[in-house]
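**Student:** Listed below, chain by chain, are the residues.
There are 2 protein chains.
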Amino acid sequence: MAVYTQVDDAELIAFLATYDIGDLLSCKGIAEGVENSNYYLHTSAGSFILTLYEKRVAEADLPFFLGLMEHLARRGVTCPQPVRNRAGAPLGRLAGRPAVIVTFLDGYSVHHPEVAHCAALGETLAHLHLATADFEGRRANALSVDSWRPLFAPSAGRANEVEIGLRETVEAELDHLEKNWPRNLPSGVIHADLFPDNAFFLGDKMSGVIDFYFACNDAYAYDLAICLNAWCFDDAHRFETEKGTALLSAYRRVRPLTAAELDAFPTLARGAAIRFLLTRYVDWLNVPKGALVKPKDPREYLAKLRFHQTADGFL
Amino acid sequence: MAVYTQVDDAELIAFLATYDIGDLLSCKGIAEGVENSNYYLHTSAGSFILTLYEKRVAEADLPFFLGLMEHLARRGVTCPQPVRNRAGAPLGRLAGRPAVIVTFLDGYSVHHPEVAHCAALGETLAHLHLATADFEGRRANALSVDSWRPLFAPSAGRANEVEIGLRETVEAELDHLEKNWPRNLPSGVIHADLFPDNAFFLGDKMSGVIDFYFACNDAYAYDLAICLNAWCFDDAHRFETEKGTALLSAYRRVRPLTAAELDAFPTLARGAAIRFLLTRYVDWLNVPKGALVKPKDPREYLAKLRFHQTADGFL
Numbered sequence: 069m070a071v072y073t074q075v076d077d078a079e080l081i082a083f084l085a086t087y088d089i090g091d092l093l094s095c096k097g098i099a100e101g102v103e104n105s106n107y108y109l110h111t112s113a114g115s116f117i118l119t120l121y122e123k124r125v126a127e128a129d130l131p132f133f134l135g136l137m138e139h140l141a142r143r144g145v146t147c148p149q150p151v152r153n154r155a156g157a158p159l160g161r162l163a164g165r166p167a168v169i170v171t172f173l174d175g176y177s178v179h180h181p182e183v184a185h186c187a188a189l190g191e192t193l194a195h196l197h198l199a200t201a202d203f204e205g206r207r208a209n210a211l212s213v214d215s216w217r218p219l220f221a222p223s224a225g226r227a228n229e230v231e232i233g234l235r236e237t238v239e240a241e242l243d244h245l246e247k248n249w250p251r252n253l254p255s256g257v258i259h260a261d262l263f264p265d266n267a268f269f270l271g272d273k274m275s276g277v278i279d280f281y282f283a284c285n286d287a288y289a290y291d292l293a294i295c296l297n298a299w300c301f302d303d304a305h306r307f308e309t310e311k312g313t314a315l316l317s318a319y320r321r322v323r324p325l326t327a328a329e330l331d332a333f334p335t336l337a338r339g340a341a342i343r344f345l346l347t348r349y350v351d352w353l354n355v356p357k358g359a360l361v362k363p364k365d366p367r368e369y370l371a372k373l374r375f376h377q378t379a380d381g382f383l
Numbered sequence: 069m070a071v072y073t074q075v076d077d078a079e080l081i082a083f084l085a086t087y088d089i090g091d092l093l094s095c096k097g098i099a100e101g102v103e104n105s106n107y108y109l110h111t112s113a114g115s116f117i118l119t120l121y122e123k124r125v126a127e128a129d130l131p132f133f134l135g136l137m138e139h140l141a142r143r144g145v146t147c148p149q150p151v152r153n154r155a156g157a158p159l160g161r162l163a164g165r166p167a168v169i170v171t172f173l174d175g176y177s178v179h180h181p182e183v184a185h186c187a188a189l190g191e192t193l194a195h196l197h198l199a200t201a202d203f204e205g206r207r208a209n210a211l212s213v214d215s216w217r218p219l220f221a222p223s224a225g226r227a228n229e230v231e232i233g234l235r236e237t238v239e240a241e242l243d244h245l246e247k248n249w250p251r252n253l254p255s256g257v258i259h260a261d262l263f264p265d266n267a268f269f270l271g272d273k274m275s276g277v278i279d280f281y282f283a284c285n286d287a288y289a290y291d292l293a294i295c296l297n298a299w300c301f302d303d304a305h306r307f308e309t310e311k312g313t314a315l316l317s318a319y320r321r322v323r324p325l326t327a328a329e330l331d332a333f334p335t336l337a338r339g340a341a342i343r344f345l346l347t348r349y350v351d352w353l354n355v356p357k358g359a360l361v362k363p364k365d366p367r368e369y370l371a372k373l374r375f376h377q378t379a380d381g382f383l
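Which chain is which? The protein sequence lines are A and B, in order. Under this note's numbering, think of the first position of the first sequence as 69, with each following residue one higher. Under this note's numbering, think of the first position of the second sequence as 69, with each following residue one higher.
Think of the hints as simulated: they come from the structure by calculation, not from any bench. Treat the hints loosely; a few may be bogus.
The list makes no distinction among identical chains, and a pair is therefore deemed to hold if it is satisfied within one copy or across any two copies.
[Said to hold, decoys possible] Lysine-lysine pairs mimicking DSS-like chemistry, simulated, CA-CA at most 30 Å apart:
| hint | residue 1 | residue 2 |
| --- | --- | --- |
| 1 | Lys-123 | Lys-247 |
| 2 | Lys-123 | Lys-362 |
| 3 | Lys-273 | Lys-123 |
| 4 | Lys-123 | Lys-364 |
| 5 | Lys-247 | Lys-364 |
| 6 | Lys-273 | Lys-247 |
Okay, chain A solo, but in the shape it has when bound:
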């Protein structure tokens, strides 16, 4: 749920005049993405999404994200495409913010993914990874193993507010992951946040991927582990074997996993669990009283971590 910046109609009309996409017909703030302000934009040339980048996205990273979306589309991975302005640039400024217009993508997020959705996701994710192989942009993963302890440490003393014993669980897990984190797996640009919210479907068919603002260079199999955690557990946070198998099999049909990736997968899955456990934990402690946006419960990812701690070899 977003829309932080109000856009004045006169400013918007002036901004649109720098593009070749017709006249303004409608513009409505939409509740999509949590990092930026997004608007459904209708012009005489069609439908678009207008995005204003808020402070949480570093302006220096924008060429990487926009270049990645253009690159993926050229390789057949459907995602929003930046529209270039009359000067040929994908990035402009509106209401004091960096701003882009991207193509509108039909499709809707699936709240309770079925086996067929997990299979479609696996196939798309593998295509996405193959497509990034020759992408020249680079962006470090600021939320990988080395960042987890510094992320947790400042508020470790409040862990009991979330669950008794959480501090000990997290610190023991960080000890384990820092010792055992795999370092030389096949890598490239990964989405790093491909939750059901960021995948569009039309029926069982995946129609597109959105929200690349966590994309970075890291192990492909880590991206797959993030998806397994996000898509293949039920509402009570129990692993659903059939969905997990569907995701992994579909992925492996397009991009086979190496022996090292298979070997490392349980560790990657634990790491993918602690990464979202920790960011949710920090958000949970820092939510302003009375805020309209309910933070996501970090305990969901504690349950997933516990599953992976004991489920070695489910692949």
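Dock chain B against the given chain A, drawing on the hints supplied.
**Tutor:** The following block gives chain B in isolation, referenced to the frame of chain A:
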């Protein structure tokens, strides 16, 4: 800024199956209206708005609002049109809420209305009033003169938190208005909340009116006074004569004002100021700490009230 209720894709697809408007292609929560949850809905038949009614709108009033929108459109006043489902009903249920689908209206709100916009508004408002003359629905104005004192009384003691002397100003004004409120002016269904947010334009041309959820039976000229206050003051809350003249002249060309309406107008304008002063005052005091939605400043309407208290006879 709205979107309170999350709609599950499976529920939405089942809901759409009760309509004859094709298959779901996209549905995005939009930041429009403050009383309800609204979604931009794209189907294979076109674009629509899906509205879920939250608790602030009484379900018993919905047939009045929906009937009014259908009536106005038949009389040539452009506004969203409820789409009837296969059973012929405009109202259904989705996610536990009363729900309607209405046609999508192109146009955008003007943040700083110019003289031409005020003239277009006056013409549209007069047409709207004439068009309601033969509408059979009735709904009392729950926010008219008799409601203002009970609205203010419970929190009158906190008025100094907003501005020193506010309590005395409001109570003296209520004394004046209760004694002088005109009771037999030409009446019918009025919009009662036609702020710039609720008027759509394409250039200088008014393309539609939205958000009828305060519509009620009351004096036509009171609706005009609400618009004068909302459209014809600058950002420093100073009256802009040219805009006020444009609004009133355009209105009177379509629907002439009677002598009684002209005579009562200064009183109606003071009442229209205190009505929004008081609801904003109550919202201002009751905003939760840290809430993302910033309440509107009641002092804007205190400034407008003071203008009308001293500007007798500006018509």
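**Student:** Now, for every hint given, state plainly whether the structure supports it.
**Tutor:** Structure-based check of each hint:
1. Lys-123 / Lys-247: neither (34 Å within a copy, 53 Å between copies)
2. Lys-123 / Lys-362: both (20 Å within a copy, 19 Å between copies)
3. Lys-273 / Lys-123: neither (34 Å within a copy, 36 Å between copies)
4. Lys-123 / Lys-364: This pair counts as both: shortest intra-copy Cα distance 21 Å, inter-copy 25 Å.
5. Lys-247 / Lys-364: Classified as within: same-chain Cα gap 29 Å, cross-chain 54 Å, threshold 30 Å.
6. Lys-273 / Lys-247: neither (40 Å within a copy, 67 Å between copies)
Of the numbered hints given earlier, the model fails hints 1, 3 and 6; all others are met.
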